[in-house]
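Visitor: These are the residues of each chain, in order.
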Amino acid sequence: MIPAAFDYVAPTTVDEAVRALAAGGEDAKVMAGGQSLIPVLRMRLAAPTLVVDLSGLTELTGVHDDGDSLRIGAMTTHYEVQRDPLVREHAGLLRLATDTVADPQVRHRGTFGGSLAHADPAGDLLAPALALDAVMVCAGPSGTREVPAAEFFVDYFTTALAPDELLTHVKVPKLTGWGAHYEKFNRVAQAWSIVAVAAAVRVSGGRITAARVGLTNMASTPVRARAVEEALVGQEATAEAITAAATRAAEGADPPTDNNADAEYRSHLARVLTERAVTAAVSA
Amino acid sequence: MRITVTVDGVDYSDEVEPRTLLVHHLRERLGKTGTVVGCDTSNCGACTVHLDGHSVKSCAVLAVQADGREVTTVEGLAREGRLHPVQQAFHRNHALQCGFCTPGMIMQAIDLLADNPDPDEDEVRHGLEGNLCRCTGYQNIVRAVRDAARQMRPGAGPDAERVDEAKLVGRTPTHTGGGGE
Chain G
23 MIPAAFDYVA PTTVDEAVRA LAAGGEDAKV MAGGQSLIPV LRMRLAAPTL
73 VVDLSGLTEL TGVHDDGDSL RIGAMTTHYE VQRDPLVREH AGLLRLATDT
123 VADPQVRHRG TFGGSLAHAD PAGDLLAPAL ALDAVMVCAG PSGTREVPAA
173 EFFVDYFTTA LAPDELLTHV KVPKLTGWGA HYEKFNRVAQ AWSIVAVAAA
223 VRVSGGRITA ARVGLTNMAS TPVRARAVEE ALVGQEATAE AITAAATRAA
273 EGADPPTDNN ADAEYRSHLA RVLTERAVTA AVSA
Chain H
43 MRITVTVDGV DYSDEVEPRT LLVHHLRERL GKTGTVVGCD TSNCGACTVH
93 LDGHSVKSCA VLAVQADGRE VTTVEGLARE GRLHPVQQAF HRNHALQCGF
143 CTPGMIMQAI DLLADNPDPD EDEVRHGLEG NLCRCTGYQN IVRAVRDAAR
193 QMRPGAGPDA ERVDEAKLVG RTPTHTGGGG E
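Protein sequence lines, in the order shown, are assigned to chains G and H.
If you're matching positions, the first sequence starts at 23 in my numbering and goes up one per residue.
If you're matching positions, the second sequence starts at 43 in my numbering and goes up one per residue.
Simulated from the structure, these hints should not be mistaken for lab results.
Every residue gets a Cβ at the ideal spot worked out from N, C-alpha and C, and that includes glycine.
Don't take every hint at face value.
What the hints assert, rightly or not - Pulled a few chain H residues facing chain G out of the computed Cβ check, cut under 8 angstroms: (1) Glu57; (2) Arg61; (3) Gly87; (4) Val98; (5) Lys99.
Unchecked claim - Distance windows between CB atoms, simulated: (6) G:Gly228 - H:Pro159: 21 to 29 angstroms; (7) H:Arg111 - G:Glu111: 30 to 38 angstroms; (8) G:Asp155 - H:Asp94: 33 to 41 angstroms; (9) H:Asp56 - G:Glu48: 26 to 34 angstroms; (10) H:Gly110 - G:Gly228: 54 to 62 angstroms; (11) G:Ala232 - H:Pro159: 34 to 42 angstroms; (12) G:Glu81 - H:Arg111: 15 to 23 angstroms; (13) H:Asp160 - G:Pro278: 19 to 27 angstroms; (14) G:Thr180 - H:Arg167: 31 to 39 angstroms; (15) H:Asp94 - G:Ala69: 42 to 50 angstroms.
The following block holds chain G by itself, in its conformation from the complex (with noise of 0.2 angstroms):
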């Protein structure tokens, strides 16, 4: 199908972006790599009056090293954040799930930042930012704003961005020298999560001594599964203590039912990836 007529821009500064959304009012829609919008405008679920495309703005792109945290530009494509040396030692955890999103053609394309700002929960990258404490860094009329991951996340396909702002950078706190591992879950290839866990743990003399896990699909939003972190400090870590501290993965959570799967089968899958997550991660 050929999507509907819109007009388009193509900034080159964050500034004249900021102002071209201003000036579209309530329906311009922003464009980071487009794998999530294109097809969206081409089944005409979405028709925006115009379209702000970000693919210009360079000084969006890159990782860099921040001292105690990386900032990562939210037009960095997936395939840049795969091969980064610097996500590699201080971010594992971005990177793994980053491998696993869509297909080598839509990471040349899909941005960090697009996926973040598209908020789909069954996206790969929301349950890693969420656990790894990032702070997404936001461009409004009105100067910037920076908004922690918990806060950012609100409802399907719903981010604490205002109409008018941008994400331009996510910072996202150094964890070097932890283990990580993103296990998922799905049927078939390049299908959409139906349920996958982020885990990364620091293990120090056979004790873990610090673990962040989070879940993807498992609610409207990502979900930290707070209960496995806090059953899993202080413990050796040994496959019993995991498979207990696993036992919890669905509290708090608020999973949804679909054709892939119902709430019941989703929780199962959360205690049983959770498992399968930080046994990994413990040995990366």
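Dock chain H against chain G, hints included.
Guide: Relative to chain G, chain H alone:
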């Protein structure tokens, strides 16, 4: 909007609507019908082309986004009447039945081999996971990509010579490592 896109080495300047998808521009305006549309959901990968040297689904790129950039389609792979080594390998290994997915499979296979010149079977399957084939069951496609990798391996003279003579016909070292773009 007026755009200029280099497609298979030729510059084309055209007036396009912002909503025009790159695949429709290629097929309907430029006559590059080697690139096909297989689905409406950006799942199937049949429309895969290279944009500035990287594979993309041309149904998920606007034509205006290709302004000033280089596109390589399956039509631009052959050199001096000789098929690209990946095209030859698909032929040799019978890596198609109806052939509809083949343009996208070949373009993605070339992208994969540019990143990973010697993929094992698992890596080929993952590298092609954005491309659907509803006929072959993928077995011969995977064989073809690994065969092409052997033929294209830089400095792989002795290895290449181990396969029978017929497989070497048309081997063109200038294609080594990518789609020539």
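Visitor: What are the numbers of the hints that this structure violates, sorted from low to high?
Guide: Hints 1, 6, 13, 15 contradicted; others consistent.
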